[in-house]
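A.B. asks: Below are the chains, spelled out letter by letter.
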Amino acid sequence: GQSLEQPSEVTAVEGAIVQINCTYQTSGFYGLSWYQQHDGGAPTFLSYNALDGLEETGRFSSFLSRSDSYGYLLLQELQMKDSASYFCAIYGQNFVFGPGTRLSVLP
Amino acid sequence: NAGVTQTPKFRILKIGQSMTLQCTQDMNHNYMYWYRQDPGMGLKLIYYSVGAGITDKGEVPNGYNVSRSTTEDFPLRLELAAPSQTSVYFCASSSVNGQETQYFGPGTRLLVL
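Residue numbers (my numbering), protein chains in the order written: chain A, 1 to 107; chain B, 108 to 220.
Chain A with its partners taken away, still in its complex shape:
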C-alpha cells in the first residue's frame, strides 16, 4: 500500500521561513504534490515534483528525494494568509493524500 506522514501542526511568525516535511511509503509513483486548504475551503494545488530536487514557485518551494522517501514544502516570507492546512499527496495509479499539517502564522 501507500502511506504518507506529516507533522500535525507547525507554528511560525510572520516573515519567517517554515518547512513542512512529508515522508512516504510506496512501491512506485510518478510524483509528489502539495495542496493548501483554508478552513472551510477546498484544497488548491501548490506544487508538484516529478523529479528529485527543488521546484520554486514564488514564495513556495517544494523538494523531493526519492532515495530518502522524503519531501518538503518550504514557505518563505510567511504572511497571515498562509495560515492553513497543507497536504502532500502521492500521484501514482491514483492519488493518496497525507493527513495534513496545520500551519499557524503568528503576528
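A couple of the hints might just be wrong.
[What the hints assert, rightly or not] Okay, derived cross-link-like pairs now, DMTMM-like style, lysine to aspartate or glutamate, Cα gap no bigger than 20 Å in a straight line:
| no. | chain 1 | residue 1 | chain 2 | residue 2 |
| --- | --- | --- | --- | --- |
| 1 | B | Lys164 | B | Glu207 |
| 2 | B | Lys151 | B | Asp163 |
| 3 | B | Lys116 | A | Asp52 |
| 4 | A | Lys81 | A | Glu5 |
| 5 | B | Lys151 | A | Glu5 |
| 6 | B | Lys151 | A | Asp39 |
| 7 | B | Lys151 | B | Glu207 |
| 8 | B | Lys116 | B | Asp145 |
| 9 | B | Lys164 | B | Asp180 |
Since the hints were derived computationally from the structure, they do not count as laboratory data.
Go by the hints and put chain B onto chain A.
C.D. replies: Then chain B, alone, in the frame of chain A:
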C-alpha cells in the same frame, strides 16, 4: 469558466435514506475524482474516472456508487446513508496533460443522523 461545481452545499440525511451528490466541470477534463474528508483528516479517494463510461474504485468505495455518462458530470450516489458517511465530500478533476494538478469543487457537507 466556472471550474468544478458541486451541489448541494449542505445536506442532512436520515439513516437509510439515499441521495446523489452532483459534480460538474467545464474544463473538458478527462479525469474526475470523488474524495471524502473527515474533520481534521486528509482526503480519502472514493471513486475516480479516467473518461466517460470508465470508473474505478479508490481507497474507500463501500457504500457509494458512481457513473460517468458524460465528460462533464460525475455524480456520487449514496444508497443507504449511515452515520459513518457524515463527512465533507469533494469532487475534483484533472486533464490528461496535467494529471498531477487537480482542481477541486467547493465541497458538499453531509450530515447523517
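A.B. asks: When you check the alpha-carbon spacing of Lys164 of chain B and Asp180 of chain B, does it fall within 20 Å?
C.D. replies: Judged against 20 Å, a Cα distance of about 17 Å means the pair holds.
A.B. asks: Could you grab the alpha-carbon distance between Lys151 of chain B and Asp163 of chain B and see if it respects the 20 Å cut-off?
C.D. replies: Satisfied, since the Cα-Cα distance of roughly 14 Å is no more than 20 Å.
A.B. asks: Is it true that the CA of Lys151 of chain B sits at most 20 Å from the CA of Asp39 of chain A?
C.D. replies: Judged against 20 Å, a Cα distance of about 18 Å means the pair holds.
A.B. asks: Between Lys151 of chain B and Glu5 of chain A, is the straight-line Cα distance small enough, at 20 Å or below?
C.D. replies: OK: Lys151 of chain B and Glu5 of chain A at ~14 Å, within 20 Å.
A.B. asks: Mind checking the alpha carbons of Lys164 of chain B and Glu207 of chain B for me, to see if they're no more than 20 Å apart?
C.D. replies: Given that 20 Å is the threshold and the Cα spacing comes to 19 Å, the pair holds.
A.B. asks: Against the 20 Å threshold, does the CA-CA distance of Lys81 of chain A and Glu5 of chain A hold or violate the hint?
C.D. replies: Judged against 20 Å, a Cα distance of about 24 Å means the pair is violated.
A.B. asks: So if I understand the rule, the pair passes when the alpha-carbon distance is 20 Å or less; does Lys116 of chain B with Asp52 of chain A pass?
C.D. replies: 39 Å, violated
A.B. asks: Within a Cα-Cα threshold of 20 Å, do Lys151 of chain B and Glu207 of chain B meet the stated pairing?
C.D. replies: With Cα atoms ~16 Å apart, Lys151 of chain B and Glu207 of chain B stay inside 20 Å; holds.
A.B. asks: Quickly compare the C-alpha distance for Lys116 of chain B and Asp145 of chain B to 20 Å and report which way the hint goes.
C.D. replies: Between Lys116 of chain B and Asp145 of chain B the Cα gap is close to 16 Å, so the pair holds against 20 Å.
Figure legend: structure checked against the earlier numbered hints; hints not met, in rising order: 3 and 4.
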